[in-house]
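**Q** Dock chains B and C against the given chain A, drawing on the hints supplied.
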Amino acid sequence: MSALPILPVLIPLGTACLGMLGHRSLRAQQTVSVAGAVALVVVAVALLARTATGEILTLDAGGWSAPFGITFVADAFGAIMALLAAVTGLAVVVYSVASVDLPRKRFLYYPLTHVLLAGVCGAFLTGDIFNLYVCFEILLLSSFVLLSLGSERGQLEGAIKYVTLNLISSAIFLSASGLLYGTLGTLNMAHLSVRAAEAVAEGRGHVVTIVAMLFMVSFGIKAAVFPLFFWLPASYHTPPFAVSALFAGLLTKVGVYAIVRVFTLIFVHDTGYTHTILLWVAALTMVSGVLGAAAQTEFRRVLSFHIISQIGYMILGVALLTPLAVAGTVFYIVHHIVVKANLFLVAGVAHRIRGTSDLVRPGRVGVYASAPLVALLFMVPAMSLAGVPPLSGFWAKLILIRAALDERAYVYVAVALLVGIMTLFSMTKIWAEAFWKSPAPEEGGTAGETAPRTPAGMLAPIAVLAAITVGIGLAAQPVFEFSALAAGQLLNPEVYVGAVLGEAFATPVEGVDP
Amino acid sequence: MKLLLALLVGGLFAAGIYLIVRRSIVKLIMGLILLSHGANLLIFASGGLVRAQAPLVEAGSLAPEPPHADPVPQALILTAIVIGFGVVAFMMVLVSRAYMAVGTDDTEEFTGTDH
Amino acid sequence: MNSTILQTATRYLLPLLLIFSIVVMLQGHNKPGGGFIGGLIGAAGFALHGMAFGPRATRTALRADLVVVMALGLAFALVAGSLALASGQPFLSGLWVSVPFPGFGEVKVGTPLVFDIGVYFVVIGVVMTIVLSLLEENA
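Residue numbers (our numbering), protein chains in the order written: chain A, 113 to 626; chain B, -2 to 112; chain C, 45 to 183.
Everything labelled a hint here was simulated from the structure, so no lab data went into it.
You can take every hint at face value.
Okay, derived cross-link-like pairs now, SDA-like style, lysine to any residue, Cα gap no bigger than 20 angstroms in a straight line: (1) C:75 to C:156; (2) C:75 to B:69; (3) B:-1 to A:294; (4) B:24 to B:99; (5) C:75 to B:74; (6) A:541 to A:468.
Simulated DEER-style distance windows between Cβ atoms: (7) B:75 to A:518: 47 to 55 angstroms; (8) B:71 to A:472: 53 to 61 angstroms; (9) B:86 to C:76: 21 to 29 angstroms; (10) A:520 to B:106: 46 to 54 angstroms; (11) A:318 to C:76: 37 to 45 angstroms; (12) A:383 to C:123: 40 to 48 angstroms; (13) B:46 to A:326: 17 to 25 angstroms; (14) B:71 to A:473: 54 to 62 angstroms; (15) B:67 to C:145: 33 to 41 angstroms; (16) A:583 to C:143: 52 to 60 angstroms; (17) C:47 to A:326: 47 to 55 angstroms; (18) C:138 to B:106: 48 to 56 angstroms; (19) C:131 to A:540: 54 to 62 angstroms; (20) A:139 to C:59: 36 to 44 angstroms.
If you're wondering where the values come from, they're calculated on a predicted model, not measured in any experiment.
Where a beta carbon is used, it is the ideal one built from N, C-alpha and C, also for glycine.
Same shape as in the complex, but just chain A (with noise of 0.2 angstroms):
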């Protein structure tokens, strides 16, 4: 038993602790906090690399054995997220040090981030579902503080509205993990997915059915699907761009991971109920995130849009419940999560050069004419996210639409198609007002007035983020493989179920009460 699937948790809590022990220097708490950002990047490398082979790490805490205790559980679903978010923690940890404002760094602004990734990178290796319950709330508490961090008007306004509704969400994934304790008997994932098969074989299929139907309002306010979005535009604007970043990048995919998780190992038994409003849900996310970013004209807005948009695309691939689905599921979210947080990154650069984040308005000068390195580097993260080929991108919805003609699901081919010519006009229209555009002199803007100089720190992070999209685009053969693998482990829950209970419980036996 290595202690490898546990560490994810540890290093952020650990570096967090140290950023709070030296709070009083800043130049510590930058140190520590890279340090610590760069050591969680090597340690989900390290699980990365192990799960690759085909093997599922447990660690059962405490020594108490599973199903009893609390397990922790690394599969490549589980590991590649981890990696994403330690790579996204790290880019935006970069990020903030030359761009965050001082107040908010004295206010323990890193060590809250590494609580952040503690609870991600928690919510994504844990295998028990009270587990994930207390990781949603570790990760909502530090993003609570985070997003108010500051007390600006706005902020408090999205931060209410984003507090709220979490919350609720967080009431109903309690109450229904209490349902399902009273119903099956057990907390531990691996033992749920036993379980939720015998209870459907005794004819209790439908209580189950009920709880997996608040398991999806649960996850999907938090993953914003449609209709349950609309606390996310509300917010992720409000805070500063390398919050944002880390949020769009990070906290919608948590919701989905518990989706794509509950979706694939337990609630498995009645697809054509759930699954199939799961497609629905899926088709009226895209479409609705993408006609919403239409009507946006404030650079993070429509990019906040954009991520609802991308949500249905993800959650497709799991209603469509084919291996091939499953793995366009996979790349779609190891696409969008460097994607998107670069996207947002960009955008701070972008307000710092036009001194403006409004679309219509035009800014103090044009991006492209005074620093067109930056303008080349949000055209990488912006059409993979419209899906032009050889970026990643086009990669992962090629997947997820080559899966869905396999079922003849040509309206979800239709739409997701659609959806993917749409975000290329929103990415045009920011190209096009924020990037292209110079002000006129009669519109304020004046020939002589330079930009201020972008830092290599935010730079830095922008560029690496915009290499993996690339990297991703050019070596997509390797990644769909990966991702491949993790949806083969996903449809087969009994792979899973064996690493964790044991072989005894990986063949259920009839009549046998494990």
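**A** Frame of chain A; chains B and C shown alone:
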């Protein structure tokens, strides 16, 4: 007893949601508190209501004497209460700051980020 | 609030509550109590102090930086869990040693106690941060 608890949980959820959709942010907090209490009681009820002793294992035996209460729901509720406490305490600070920034507790006025 | 009764009562109640909080924390291993409850009781004592004498006096009375209190608590809890990792057991496994204690005989000290002490400090740190910031806003 089960029916009574079910009605109580239902009542708490209903009252909580009613308070959340009112226009005052103070009532919003109270609604969230009631909602989390409702969820806690729901766990308690769904864990099974039995008149029984504590699940302690006597020295020398391997399992607690039946009938015994299930400790897991109680552990879950304890955890949920701790988390709920932290969240509500944060919410208090947030609402008081928001009240000062916006100047009213009417949620209809909290529209600065919607457009 | 400037009440002589509250101020006088607090002078006696604060030490009592602090001692009680430590007792509750220590007996938590096999009786009702524990780090969280103990921490809350201790924080209640300081909150009372804050209401009686004002937040500034409480910050002085606390004598410690609350952020460091939280950090130390977190460090205690992490160390308690990780000691098991260092000795080759799963994270959070309990490790126990018997320490001869004059007057009591052998006293068993283990990582769960260290964990509880950590929780105690985290709770005091978090609750007092929130209580004091609320008190300071309304001052």
